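Chemist: When you number the sequence shown by this note's numbering, it's gap-free, plus one each residue, and the end is 379.
It should be emphasised that the hints constitute simulated quantities derived from the structure, not laboratory data.
Honestly, I wouldn't trust all of these hints.
For lysine to aspartate or glutamate, the following DMTMM-like pairs were computed, each having C-alpha atoms within a straight-line distance of at most 20 Å [as the list claims (entries may be wrong)]: (1) Lys178 with Asp123; (2) Lys311 with Glu294; (3) Lys311 with Glu220; (4) Lys321 with Glu307; (5) Lys71 with Asp145; (6) Lys365 with Asp172; (7) Lys171 with Glu220; (8) Lys312 with Glu175; (9) Lys146 with Asp92; (10) Lys365 with Asp123; (11) Lys146 with Asp318; (12) Lys251 with Glu275; (13) Lys344 with Glu175; (14) Lys171 with Asp145; (15) Lys365 with Glu175; (16) Lys278 with Glu263.
Pairwise CB distance ranges, derived in the manner of DEER restraints [what the hints assert, rightly or not]: (17) Pro342 with Leu137: 27 to 33 Å; (18) Pro342 with Phe313: 30 to 36 Å; (19) Asp318 with Val144: 41 to 47 Å; (20) Ile236 with Trp341: 30 to 36 Å; (21) Thr235 with Asp172: 26 to 32 Å; (22) Gly327 with Lys278: 34 to 40 Å; (23) Asn256 with Asn229: 17 to 23 Å; (24) Leu101 with Gln289: 45 to 51 Å; (25) Asn229 with Leu137: 34 to 40 Å; (26) Val326 with Thr230: 29 to 35 Å; (27) Leu101 with Lys270: 34 to 40 Å; (28) Gly327 with Ser124: 39 to 45 Å.
Keep in mind the model is a prediction, meaning the values are calculated, not measured.
Beta carbons: idealized from backbone N, C-alpha and C, even for Gly.
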Amino acid sequence: MDRGLLGKQPAAVSKNSASSSGNYSSQIKVGALIFFGTASALALGYFLRDFLLWGNSSLLYSSLSALVFLVVLVLQPFFIDSREALTFAVLFETLAMTGNFVDKISWTFIIAFAVIFLTLLSGVSNGLKDLEESLKVRFWPIVRAVLPKGIVAVSIFISIFSVLHFQTEPSKFLISEETFSKVFSINTPLIQTIFPGIDPIMTMDQAVKVMTQNQLNRLPEFQSLPKKAQEQELKKQSNLLLGNLSQYFGAELNPRLSVSSAIFEALKKKFESLPDNIKTLVFVGVGVLIFLTIEALAWPLKVIIGFLAFLVYEILMTAKFAKITVETRSKEIITLD
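Throw the hints in and build the complete structure from the sequences for me.
Modeler: This is the structure in structure tokens:
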């Protein structure tokens, strides 16, 4: 028995895919592939929506769902040899992915849906075309045909539908306070390198005093002042620094809140005070940034997803999910009499 890519085929190869025989078993296998693709697309959209609403660990689950979806997407042209079935599979997957944001329906939603659907369909169609035209079942050329467009489609979905969420949730900031605090905490070593002694759990008032103390300690004239005068100067300069920082962030920093919470609240107030046209530009900028960030990670993602898809492919072939058979093709040609 041939084991997928490990077998050597001397002649033209036809994949005996899950759909080619048309029997009940084949239909179940096609249904399973469409189910897993649709379920993972649904999970991708659901967890992304959950993350945007609450800023919790759902971003990890959304990323894992995207990974599973892209692996299944790569495999579908191998095992579904019907263009109609592939079209319906991609349609169901796109509906499942975007359906979590159906309350955001708009022209932007409709256009984004169409672009995502057509991008995914183009990818799997190119993969199927390569299989039909190739004499052998070659795995990696199909991956190169399907995966880049799959990643682009997911990038478009995440960037545009995140922006749609931001635009239709005026009471929500671009990021939750919980997520902002986590990002702030992750960058604590960098912050402490720039501002020694600063800790995110400090109140803003305490942090400003530490920053001011560090600056004043460098001045010989401050060191020569009596202790009471130093305390007065520290208080005066701390208030000035707090005011300057508030001006920098465009909103008043609450000295009683933690550093991360105070900065978050200031940024939120500043954002809420922006005119609608400026907010729109901010939303567009955030969407572009998200898209470019995902695309910047495309190369390592292709390697990881391609390897996982290859692993699943070989497991399925070994488990006799499908098999590779040799066929003789007849072809019409035109000759001159």
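Chemist: Take the hints in turn and mark each one as holding or not.
Modeler: How the hints compare with the structure:
no.	hint	verdict
1	Lys178 with Asp123	15 Å, holds
2	Lys311 with Glu294	9 Å, holds
3	Lys311 with Glu220	17 Å, holds
4	Lys321 with Glu307	17 Å, holds
5	Lys71 with Asp145	33 Å, violated
6	Lys365 with Asp172	18 Å, holds
7	Lys171 with Glu220	47 Å, violated
8	Lys312 with Glu175	58 Å, violated
9	Lys146 with Asp92	15 Å, holds
10	Lys365 with Asp123	13 Å, holds
11	Lys146 with Asp318	18 Å, holds
12	Lys251 with Glu275	11 Å, holds
13	Lys344 with Glu175	24 Å, violated
14	Lys171 with Asp145	37 Å, violated
15	Lys365 with Glu175	18 Å, holds
16	Lys278 with Glu263	16 Å, holds
17	Pro342 with Leu137: 27 to 33 Å	29 Å, holds
18	Pro342 with Phe313: 30 to 36 Å	33 Å, holds
19	Asp318 with Val144: 41 to 47 Å	24 Å, violated
20	Ile236 with Trp341: 30 to 36 Å	32 Å, holds
21	Thr235 with Asp172: 26 to 32 Å	51 Å, violated
22	Gly327 with Lys278: 34 to 40 Å	39 Å, holds
23	Asn256 with Asn229: 17 to 23 Å	19 Å, holds
24	Leu101 with Gln289: 45 to 51 Å	33 Å, violated
25	Asn229 with Leu137: 34 to 40 Å	39 Å, holds
26	Val326 with Thr230: 29 to 35 Å	31 Å, holds
27	Leu101 with Lys270: 34 to 40 Å	51 Å, violated
28	Gly327 with Ser124: 39 to 45 Å	42 Å, holds
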